[in-house]
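Which chain is which? The protein sequence lines are A and B, in order. If you read the first sequence in the working numbering, its first letter stands for residue 165, the second for the next number, and so on. If you read the second sequence in the working numbering, its first letter stands for residue 1105, the second for the next number, and so on.
Worth flagging that the hints you see were computed from the coordinates, not collected in a lab. Take these hints with a grain of salt, some might be off.
Below, computed lysine-lysine pairings styled on DSS-like, alpha-carbon distance capped at 27 angstroms [stated by the list, open to error]: (1) A:K630 - A:K390; (2) A:K883 - B:K1586; (3) A:K625 - B:K1423; (4) B:K1744 - A:K631; (5) A:K630 - B:K1740; (6) A:K354 - B:K1362; (7) B:K1235 - A:K256; (8) B:K1718 - A:K256; (9) A:K409 - A:K380; (10) B:K1744 - A:K630; (11) A:K514 - A:K631; (12) B:K1270 - B:K1744; (13) B:K1740 - A:K592; (14) B:K1694 - B:K1270; (15) A:K590 - B:K1744; (16) B:K1711 - A:K590; (17) A:K256 - B:K1215; (18) B:K1733 - A:K175; (19) A:K631 - B:K1256; (20) A:K625 - A:K599; (21) B:K1423 - A:K630; (22) A:K625 - B:K1744; (23) B:K1733 - A:K630; (24) A:K355 - B:K1362.
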Amino acid sequence: MALHNSIQKGKEITITIDGKVCKSIFGKTILEIARENGIYIPTMCYLTKVQPIASCRMCMVRVEGVDGFILSCQEKATDGAVIQTQNSELYKERQNIMKLYNVNHPLECGVCDKSGECDLQNKTMEFDVAGQNFTAREQSRPVENWGHVSYDPALCIMCEKCVRVSTEITGDEALQLKFGGYSSTIINVKKEKNYTSLGEAAAVCPVGALVSTDFKYTSNAWELEKIPSACPHCGGGCQMYYEVKRDEIYRVTNNYEFTSMCGAGRFGFDYANEDVTKDANAFTKAVEAFKEAKSIRFASSISNEEALILQKLKGKYGYKLVSPEARAYQNFMNAYASVTGKTLYAGTMKALSQSRGIIIVGSRVNNDAPIVKYHINMASKWHRARVAYLHPMEDSEIQNIVTQYIKYEAGSEEGVMALLADALLKEKELPESIKAFLADLDIGNLSAESNVGEEELETLKHSLDKKSGFSLVVGADLYAHPRAAQIAKLVALFEKYAGFNVICVPPAGNAMGVSLICDLDDGGEGYTIGYNAPGDFTLSALGEGDLDMPAMNQQEGTLTTFDKRVVPMNVALPYGGYVLNDIANALGLKAQYTINYTKELPVSKGFKAIEFDALPDYFDINGNENRGYLLESVSTPVNESLEEVAQIEEFDGAVIYQCNSVDQFSPFTAKCDLLDKEAVLLGSQQFAMATKLQNGDQIVFEVDGVRFERLFKIDTSMKGTIALNPTFDRGLSSALLFSYRFSRLEFERVGS
Amino acid sequence: MSKLVFSTWRGEFIDNRGKSPDELSESAFKLPETYHGEKDSKAFIGWDGVAIFDEDIDAIELASQYAAQYQQYSEACGRCAPGRWGGRILYDLLDKIARGEGSHDDIAHLKEISQTMMATSKCEIGKTVPKPILDLMEHYKVQFDEAINGQKPSKHYGKDITYIAKVTAPCTDMCPAHVDIPAYIEGVRDMIFTDSLAATRQTMPLAHTCGRVCPHPCEDACRRANLDEPISIMELKRLGADYETDHGLPWQHPQEPKALRNDGKKVAIVGAGPAGLTAAYYLALEGIKVDIFEELPVLGGEVAVGVPQYRMPIEKYNKDIELVTSMEGVDVYTNHRVNAERLKELDAEYDATLLAFGTRLSKKIYANNENQKMGGYWGAIAMLDKVNLWSKYGIGSPVSNELKDKVVVCVGGGFTSMDVVRCSIREGAKKVIMLYRRDEATIIRNTTYEEYHEAVEEGVEFIFHSAVEEIFDDGEKITKLKVNRFELVPDPEGGRAQLVKVEGADFEIECDYLIPAVSQAADLQLLPEEWALELTSWNTLLTNGKDYMTSRPGLFAAGDCEYGPMTIVNAVGQAKRAASVISRYIYEGKTSLTDDEIMEDHLAKLKVYDKKEKITGWMPGLPRAVSEKLGVDERKTNNKEVNLGFTGEEAIAEAERCMRCYYISMVAV
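For reference, chain B alone in the conformation it holds in the complex (with noise of 0.2 angstroms):
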């Protein structure tokens, strides 16, 4: 049963107040109702309205710190005229008046202090404080009235109430990684790149490496989409990460790394990829010592073994890794395998262990006749492997040994067969097929929409609607394939389309190679079984996805063996959380929230970002900045990186398209 009392949320009204319990509405939305465990919400106020969840709400207290949070909040705030006065003001006013000291002049200026702020502030928080603000004048003036023709302090003036704010955008919402991404591209704008390098790196040290490889969720959650087109965000990431790299800079950490506290506490960490690396920097900034342990002679994990040169140069991904092992506290041991065995020890020794270990199992394609033994078979993140270990370090020996001249079918969809497919290209194959169950459109939201036609560009051929059924052999090894075609069929109940088999449209195709990249799985070897460890259902370590502590204590995971093969951002978004719990956890020996890190999950739950919502304010129709990537023929026999960036008046147009849509949230406990 729901205690709401009042809300405007998101365009709602409701106002149960003095209702009977069966007239009582409920919100549509999933307010913060409770804040966290068994404490409850009061209110909760934010850009898009206000909801009271306790009939005795002090609604001009609440009007007054939620403008004092504004005006003390240091991102966004003082960078204009209207906001940085007008913040101030509001403050004043309304404190005034819950002092018991305000006239009803002040609700005037109030007003119009509000509506200059709403029409002309330069971001969006300036645009959208005064909303919830003008909804409680309106919607509790009785109490507003109160406090001034009696000239007597609002009624919990001074008493003991908790208010918590978090500042987000859509975009920072939708990030897995929460990156403050308007900092970012305002750092870009102003064209101070040490400070947009800065701002990235608060929650994600992999600068070089999401301005490149990221398939960028928050572009999906951009409003500039409800205007025209997304910002380009993740190139803009770039800039910075280049500008320290260009200039030979000392590192830009988001704050000054405290000292190595040498207190005998320390944490180790399974797995040096995305996860492992992002966790070892966060634990270190706070003087926490790491020790990360890694099976392959390298570090990096996928990103450097799986994703191609020509995507993401390993040289720019070294500087990603240098800045973590740069730290004091950070010590990496490589050619470390860790079984179950080390794992019992090091869960011994080290006060946490997190495991960031991935998927490194490619999955079966369950075609008859497979077997993963046969010559041809090769599993896409073996070949990956293969490939960059020699293109990047110099280890091995090159896959063009394998595949020159020969003629190699990959089944995938995602952005491993990706990889998979124009790596081939580049390594000689005379001709290169993909095999893909749904359609184009499909493939391009899986992957993007570049990445897509670079490959049709470098010469893949994509076959839509297509799986193996059958593979054919020598003895030795894999000959032709006999592959079934599918039509999607709609559901007649409005339900998703259905992939059905097209009767007779069956066909071969010879080949030399079958290179499977359906997906990957976790290899869970190095789990002691008397650990007893839960599981997902689809094999991956169980955590709450809040934590990310393991069924066993002090046991951590992050990343893809967590949350399955997913993306670089995931896995660090679940590392930099993972990283803050241990940091407490090795001290305190259980595991707790910050409050932003409560507000962070009530956010990403109530959804900060409304597809429908129409933009005023902004000029509409101003072409979203494109980079330049080599031609095809400059590109597909070699490794050089493909997308050149942006230049520097493609960058300053496309950061000032950015609306930065900073909105505040707060709730009262």
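Just chain A, with the same shape it has in the complex (with noise of 0.2 angstroms):
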């Protein structure tokens, strides 16, 4: 018995696929392989982006010297074999699959959504099933609402590939197989949560069976106008379709075969700024206004051309540019690249997808960005990592993922990092500065400050111990964080000294795009312009202010996604107003287009000189992401220096922490008709003691100014003297909010 899996993995290997002689590495299927020369093998189960499935046996193929036939898509190519992928006896058994899997099958293509976009159509064909040969006793099986989706058990054809992606993708494990032969079917075990994540499983499935259920029966799919484009809600930049008719939108779809999304981009697309016409009068107000202007305030859900234009206009009216988010997370990676020399981090969301180690700190990831937590679900299922999640509040929606809960108290996140460089990067060859550094922290007194145990880092390094491929994911509780720099410095120790994929998730919006384009200041003063944020003249895209500026998926331009990537928005829906390209034109800047500016994107900043129409927006058949460009991460200059962890301030009773809830964002996914809108305050039992509250109490208290007045509802599946505050029903208000997301509640009762 030999250690030969270890050895031969990668070795390189030549086989023969009808003929031609096809070279890779072993450790791919045969499938994998013959895709890659541009061999075709029928399939009805694959999904490229899960493990193999090996449901349907379309795949099969012969090979040369072994009996009978084998499954291309789940069996590794070896060395030297000599593959044919049809032939008449082949072409009869896949005949006969398709045979079967038309058993019963409903004929009434005519009412189903997926007719013309349906593989059970497209194979029936492709194999010329002309009846239905076989027949067996039919079940009565009725339709289910699971609120988002709906499933249809006598369509669905049992490929499976929605439970692999709502097991090996969205990890939210709702839907599982109930095996029993005939009567096999797709179950629903968390009905209950209704979760959006389900769309995604939607996407997935070849034919009918599994639909979102507001679009059923709306339209036939080809009726409908495929726009590619980028989803602008938390940041992500994920590659979605707009799928349109008649200037509405009815769905978002994506590229499912290789890419995945979440619910509040597939379900939250209904936030246009309808019915603008263009109002002479308030534009020549607003060009008044901007003539008038000392600084302009702005959320950052904006283009990054948009935001070339506000940094442009500063350049020529010496504006002070204020968007309080987008300066933190600002702050942070310039902090962050005075370590590594580079302005981006280095991490990718792929290869925190292979990661056998994961360390999250200072985010509450399945709310700030379920794309990362797909990524983290993706991890722990195919590499079974080791996930340690470091946050005030425990999230009972990872627990599947998370193998280490260590909960540190809120504003110790510097002391948390402090504490984990030692834990983790002491054995690592550091500069002296850094060990000295290291050397004298007072790891007693950081642990107890922090409330984390030395005995709790000791398993986290334990669990390490003999692996590789760590991530490190930080979130927007550090950009805010009064010791922000220090922590960023900590934190970009990780990606120099200790090879981690680090990810520094931005803000929600278009943070990281604003913040590399615009040089924002801390606070603005005087007459002020607000776009989609308060201002004595606002500009807003949600149809309140001022003057109507048209919202995301309703402009060309581009983001930058989580892998630091540029990647381009199409128009969905028309806007009949002014634009921000209308009022720089008349302040005497000059481009015809918005997206003039996009080969404008400052290079000094990694960006590229590249017309927007020239940029790409697809996968290849491998799955190769070929969408914009990728920034270059430019050189800066060195300064590891780190100061003397600060005392922290102490957060006695009870204390709400600024969050979203679930599909939430922004003022914009806030309009969305499908997205879950309740925003209470959330916590536990223990708060409600804590606060002397009661359950259906309504209250009154202030975040940087902004006012909330909130319904408090107990969630017993909560621990501890935190609640959830959402933000997002705040309107443009919401984009005045600077502070650390943690902070003391004090309150009014409503009507007391």
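Once you've looked at the hints, go ahead and assemble the two chains, each given alone in its own frame, into the complex.
Pasting the structure below:
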């Protein structure tokens, strides 16, 4: 018995498929190699982005010298194999399988949403199955409405793709198989949750069995125009298509074979600023306002090109540019760069999904960035990743992914990062100054202040023993922290000295793009223009300002993604009003269209001088992403000096955490009909005791001057004295929030 | 005299229909002609053919019922297109013919669908079900033709015949605990690790343990070996258990535990080792009250105090133990030695008592001057108790006090002796020697390849073909050993090779410790003499090996104290069965087996695995995954777990090699 699995892995092999000599490496399946070489093998259940399912059996091939048919989707090719993918015998068996798939499958394609893009239709035609040759006793199985999606078992061919997505990709683990021969079916074991992530499972359904409930029976697939774009909500910039008919978005789809998106992207598409016409009067006032203004305050949910327009206006008129979240991120990344010497974090989402050890600090990741959670789930499922979740609040929604919760005191993030650095970096090769920094740490004190036990860190360290492929994911809790710069440097040490795949998840919107393009200011002064933010004169895509602006799905332009990619957005819905570029032109800039600025995005910050229309937007047959381009990380001066860890400001009593509910990110998602809009202060029983609040109490409080009137609800699955306070429902005001996400709660009861 | 009428089992062809008594042929296989007790079988039908024991058989109904069993079978079926729809069509068409409504077109369709199922199904169950059906259609064509031509029901259609089916797999059959191995491997392949664990726990509560230290007899019956190498079955078991522990999930029971019955019935279990824990778990799952009495201060038996930490981390084993002790109906009493008096009390107080006290006496090596009181003479069990009580629980004192810088000789060849020598290395012994009567290949066969090589790497010196003839001492302690050398002399008759002493090849070893680890015996002091319990010839408790009741009604025995020193998985299998029997015994006052258990025993006798079978439909040459181990320097001075387990990729790749050799068999009675 030799240890040959490790030796063979990655070894070069040569195989022959249908006479074509194909070079590849050991570990790839026959089907993968065939596809790389442009050789077609039919499949019904194969989904590239998950592990082979092997339920349809269509992909069987012949291998010379091997008896029986070989399943090409699952079987790895061995060196020298000679493979035949087509012959009369294979055709006959594949045809028989298609006959079986058609047993009792309803023939009412005319009323099926999937008709026109249905794999069953396509393969039935391909294999020339003209009738239903075999029959079996019909069973009566009603359609089930699961909320965002509906399931029709009579149409289901049990390919299992949806279950795989639910398990391997989104990790909601809501869909399962119920075995039982002919009566096998898909079940939803978490119906009460009504996960929007089931949209991702429905996306991969090859037939009309699992469909969006909202879209069902509203349109034939072929009547819809597919407009490729990128999702603007969380900052992930996921690939998507708006599917449009007669100036209405019917649904959002994606290239599900290779990429994924969260439920907010899929169901949160109806936020356009509609029925706007050109109001010349308002426009004139806007131009006047700009002439008077000293500052522009804006939310980061704008395109890169709009950010560049604002930056250019700053250059011309000396405005203060105020965008608190993007500014905090900018400062954080500047400090980060001062350690790594690079403007961008090096981490990628793909490497995250391939990690064997993942540490998350300072983000309620399932709410902040679902797509990041998906990638952590992939690592958990495919690589048995150890996942340590460091946060002041546990999150029961990710218990199936997390292997270690480490709870720290709100405010102690600097100490926590220092403790992590001490535990995990001490044995790495470090410069003397950093060694000295670590040696000088008062571990006992840090541990006591942060409430992170030394044995917890020991367990974490031990669980990463003998492993490689580590990721560190940090989030918005850190960016507005009073010690953000120091924290950023500590995070950067993990990338620089321990090879961690570090991702500093930008805040929602296009905060990364804005932070790279704009010279942001810490505060504004004087007469202020608000763009999707309150101001003395307000431009708003929410339709409640002094001049209307187009929403993101009404604009063309680019976004930056978590993968530091600049990707194109196209116009899904028409917009009849003025745009920022019109104002800029009136103020002396000169560009026919906003996208004329795409090629002018700052090369000094890693952008490329490429015309908008020249940006590619596709995945190739092997799943390689060719959307826009990757930002270049630019070298920056290095200054690794670290300060002494500061004393933490203690948060006594009841604390609230500014955190949106899952699927909500901004006032734009708040407009979407299909997304859950409930905005309540959600706390544990313990929180209720500490605040003497009762379930259903109505209270008022302020954060950063923004007034919140909230219903308080008890969530029995929560623990501790921190409550979740969403911000997405505050309209333009949500752009005013700038502080560290945790704050003390001082409230008044309504009506008392 | 066989009453076999017809058989196509495993490639044989016997047709005794219409033959005179002296022309009758007999099957080469142990077919279940008698179902149970007095009850005869009418037919046996399965993955590899069909055997008929009753001239009056209704072949159409037999085929139809077999197809029905297949398409109702819930674990394997429904996972591929040909199996899911094909199985239903087989049944519908056969039933149509049996009802008297069939046509010759249906026969053609049956053949076509059978061909597709056999060529393309995902698991063996779909590939093999058509075979006996086609055999019946061919060799009992007359019956099919009559039903079709006459448009009349088959002869026993709708009559009262019982069909008892059982799904198994070669690996499952070979596993003493009959673990549903393909199901737990599929759970890994599906990355639904909770399903994987729940599948294991149907018959095996010690998933952490048997995912680490099982000698995996199943792997010797893995059909994948017929193609390239067996699946790494044992290590894949660990994934589900680790997942539950790592994520702090609630216990994944194979079914919702039943509420405690509170009907006054209760069962006593003597010994909290693998057998005792297993029986307690399955009784408690049924809502039956169980009290476990354990002599040691800790739970877990030999796996806790015998198997070293580096091989079986106690924190993992404790999870398996907690699974059992977390059950509502289970109470445990540690430091509770059961002697003959106490056993009589238990026997009187409880509705049934299960003895599961293992074999905890180290046997002698039968050398001259062997004196168990001599300094330096240390029985393996006592030595490992001391090592483990200290290293795992902090009870007692470190064994390095005794063994540091000493020369240790162990006589053995099995797992226990491996534990002795590897622990001795870790306790700082200067030199550790293993004496074994037979050769390297045999020691590997008795233990595992990994175990032996890891011991060699850590510095254990193995001396094969050797045995101690005489022990020398200085009046207080052992000083040296005289060792004989043997050689294997082939038997000219072709029998087993004989060990023959090599004259003049004796040698001496100076040593401080001699640790005999040749075998263990049961400590039978607790059996009241007046009960006169029947014992086996090797002094363990005698049962019939099916219901595990001793010669005293209500007194059961399972695990090593019944079988003799054997594996954890053997103890689990016996205890699971005993728990099932006890769960009925305490209400009915007699032992009985379920149909599933009767079929299990039939299949074990028939043997499911066929070493010579040729495998088709799988790509050969895909290597078995091998998990990473700690390097020798990283492990030999400490108790860190040596085996790091599979990475996710390795586990999934290994699970994908599993051919899902589910088979369905059915008896008509």
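Evaluation of the provided hints:
1. For the suggested pair K630 of chain A and K390 of chain A, the alpha carbons sit about 47 angstroms apart, so the restraint of at most 27 angstroms is broken.
2. As the CA atoms of K883 of chain A and K1586 of chain B are separated by approximately 69 angstroms, the hinted pair breaks the 27 angstroms bound.
3. Between K625 of chain A and K1423 of chain B, the direct Cα distance comes to roughly 22 angstroms. Compliance with the 27 angstroms bound is thereby established for this hinted pair.
4. About 15 angstroms separates the Cα atoms of K1744 of chain B and K631 of chain A, which keeps this hinted pair within 27 angstroms; it holds.
5. For the hint pairing K630 of chain A with K1740 of chain B, the CA-to-CA distance comes to about 16 angstroms; that is within 27 angstroms, so the pair holds.
6. A threshold of 27 angstroms between alpha carbons decides the hint, and for K354 of chain A with K1362 of chain B the separation of about 23 angstroms falls inside it, so the pair holds.
7. Between K1235 of chain B and K256 of chain A, the direct Cα distance comes to roughly 20 angstroms. Compliance with the 27 angstroms bound is thereby established for this hinted pair.
8. Between K1718 of chain B and K256 of chain A the CA atoms are separated by roughly 24 angstroms; this keeps the pair inside 27 angstroms, and the hint holds.
9. Restraint check: the Cα-Cα separation between K409 of chain A and K380 of chain A comes to about 15 angstroms, which is no more than 27 angstroms; the hinted pair holds.
10. At roughly 12 angstroms between alpha-carbon atoms, K1744 of chain B and K630 of chain A fall within 27 angstroms of each other, so this suggested pair holds.
11. Straight-line distance between C-alpha atoms of K514 of chain A and K631 of chain A comes to about 18 angstroms, which keeps the hinted pair within the 27 angstroms bound.
12. For the given pair, K1270 of chain B sits about 42 angstroms from K1744 of chain B by alpha-carbon distance, which is inconsistent with the 27 angstroms threshold.
13. With a C-alpha separation of about 25 angstroms, the suggested pairing of K1740 of chain B with K592 of chain A holds against the 27 angstroms cut-off.
14. A C-alpha spacing of about 24 angstroms is found between K1694 of chain B and K1270 of chain B, which places the hinted pair at or below 27 angstroms, so the restraint holds.
15. Note on K590 of chain A and K1744 of chain B: the hinted pairing holds, with a Cα-Cα distance of about 22 angstroms set against a maximum of 27 angstroms.
16. A distance of roughly 58 angstroms separates the Cα atoms of K1711 of chain B and K590 of chain A; the hinted pair therefore is violated under the 27 angstroms criterion.
17. Under the criterion of a C-alpha separation no larger than 27 angstroms, the hint pairing K256 of chain A with K1215 of chain B is consistent with the structure, at around 14 angstroms.
18. Simply put, K1733 of chain B and K175 of chain A have alpha-carbon atoms about 22 angstroms apart, close enough for the 27 angstroms limit, and the pair holds.
19. Pair hint K631 of chain A plus K1256 of chain B does not hold up; C-alpha atoms about 69 angstroms apart against a cutoff of 27 angstroms.
20. Distance hint between K625 of chain A and K599 of chain A is fulfilled; the C-alpha atoms sit about 18 angstroms from each other, no more than 27 angstroms.
21. Note on K1423 of chain B and K630 of chain A: the hinted pairing holds, with a Cα-Cα distance of about 23 angstroms set against a maximum of 27 angstroms.
22. With a CA separation close to 14 angstroms, the supplied pair K625 of chain A and K1744 of chain B stays within the 27 angstroms bound.
23. Taking the CA atoms of K1733 of chain B and K630 of chain A, the gap is near 10 angstroms; set against the 27 angstroms cutoff, the hint holds.
24. Using a Cα cut-off of 27 angstroms, the hinted pair K355 of chain A and K1362 of chain B holds, with the two alpha carbons roughly 25 angstroms apart.
Checked against the numbered hints given earlier, this structure breaks hints 1, 2, 12, 16 and 19; the rest are met.
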